[in-house]
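*Asks:* Below, each chain spelled out in residue letters.
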Amino acid sequence: MIYLRLIWSYLKIGLFGFGGGYAMLSLIEREIVGPGWITEKMFTDIVAISQMTPGPIGINSATYIGYAAPMAHGFDHVLWGVLGSLLCTFVVVLPSFILVAYTSHFISRHKESVAIRGIFKGLRPVVIGLIASAALLLMNSENYGTSTSEVVISAVISVAVLAATLMTKIHPIILIILSGIAGLIIYY
Amino acid sequence: MTYIKSQSIYFQLFSSFLRIGAFTFGGGWAMISLIEREVVDNKRWIKREEFLDLLAVSQALPGVLAINIAVAVGDHLRGMKGSVAAALGTIAPCFAIILTIAVFLTPELIQSNHVVSSIFRGIRPAVVALIVAPVITSAKSMKLGWKTLWIPVVVALLIWSKLPWISNPILFIIIGGIAGYLWLRRQERRLSMARIEREEKEEGL
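Sequences listed follow chains A and B, in order. Position 66, counted from 1, in the first sequence is what numbering that gives the first Met the number 0 calls 65; the numbers after and before it change by one each time, with no gaps. Position 18, counted from 1, in the second sequence is what numbering that gives the first Met the number 0 calls 17; the numbers after and before it change by one each time, with no gaps.
Read the hints as simulated data drawn from the structure, not as lab findings. All C-beta atoms in this analysis are idealised placements derived from N, C-alpha and C, irrespective of residue type, glycine included. Check each hint, because a few of them may be wrong.
To be verified - Simulated crosslink set (DSSO-like; lysine-lysine; CA at most 30 Å straight-line):
{"id": "1", "chain 1": "B", "residue 1": "LYS139", "chain 2": "B", "residue 2": "LYS161"}
{"id": "2", "chain 1": "B", "residue 1": "LYS42", "chain 2": "B", "residue 2": "LYS80"}
{"id": "3", "chain 1": "A", "residue 1": "LYS40", "chain 2": "B", "residue 2": "LYS161"}
{"id": "4", "chain 1": "A", "residue 1": "LYS168", "chain 2": "B", "residue 2": "LYS139"}
Unchecked claim - Covered stretches of chain B (in silico footprint by chain A; criterion: 3 or more residues with CB under 8 Å from a CB of chain A, positions within the stretch not fixed):
{"id": "5", "segment": "67-74"}
{"id": "6", "segment": "96-107"}
{"id": "7", "segment": "113-122"}
{"id": "8", "segment": "129-140"}
{"id": "9", "segment": "160-168"}
{"id": "10", "segment": "171-182"}
To be verified - Rough simulated footprint, nothing fancy, chain B against chain A, three-plus residues with beta-carbon under 8 Å:
{"id": "11", "segment": "25-33"}
{"id": "12", "segment": "51-62"}
Could you put the whole structure together from the sequences, leaning on the hints where they help?
*Replies:* So this is what it looks like as structure tokens:
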């Protein structure tokens, strides 16, 4: 049952998504692309769409994948998609309610304790690794193309966007729009 | 005039977070300063120190950061009902926008429409670069030295390798937390042992 599998996946994403949107990506990739709910390409497209629209990636991906996954697996009425959207979005935020209600007092009272400081000291380098793994996972032929010329063009776009992000203050949305225009000019 | 004033706190929480949710691009981190300005400066719902406490807890918990903050602020003001109002406000705009996009910009359209597919072929490598950037900046800001740099490298390579059991991000989150705790406990023990030794020496003199 696709809905139960999606709910289970997003519950895990909500419960173990430490370190913000990008750090959640490798978990989402494993849970959603791994079993074949959506393709690698679509996953990257959702990240791009998330960047260009308001709202956190965790919510945006739950809404989009909750809609698209059932539609791609036989539940092809709009309402089935909307149901999936609602369920995934609800489930990904559910742990926040429970954890904030029941653990926030404990955490703020013990935030100086060795246990809590240690856990977060240990999580920090792992979170960087998680983000890096998402980048590595996305460096594939679905996103960079298969022909030599397309790989080269893609690599140039990547390097240019990376340099612009690190060295200038140009907003990521502008960079995505520029890359889209470049794609349109080159490939159309 | 009075009916404007009598807007319930739940509605105010909902509409404040709705505005924040509708106008912040780039997720949690971009939202924090907007939320702070709204709930601390404009609405005066909570004091700045309290907000910073809530923020610390929201960052410590798993899940979507923006939602954690909304839930924590709502919970702080009016318990569970308040947190539901704040979270619904945060979610509503992006849910509506993404659902609309999902209905019209289907994977088939991206694949089959030549204009759309050309645009996305340009965008995909840019997205990868946008994910690489925070890796570099956060590694720099954390001052990862050669002693700790291996941790993210090993984590990233093992997840990337897609080995059956090992490549699970959840596994590394659990190991990282436990290892961090054990490491810090040993550090603190050593420190206190050294202090006791020093004190004993001083007493001996």
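*Asks:* For every hint, state whether the structure bears it out.
*Replies:* Hint check:
no. : hint                 : in the structure
1   : B/LYS139 to B/LYS161 : 27 Å, holds
2   : B/LYS42 to B/LYS80   : 18 Å, holds
3   : A/LYS40 to B/LYS161  : 18 Å, holds
4   : A/LYS168 to B/LYS139 : 17 Å, holds
5   : 67-74                : holds (count 4)
6   : 96-107               : holds (count 9)
7   : 113-122              : holds (count 9)
8   : 129-140              : holds (count 10)
9   : 160-168              : holds (count 3)
10  : 171-182              : holds (count 11)
11  : 25-33                : holds (count 3)
12  : 51-62                : holds (count 10)
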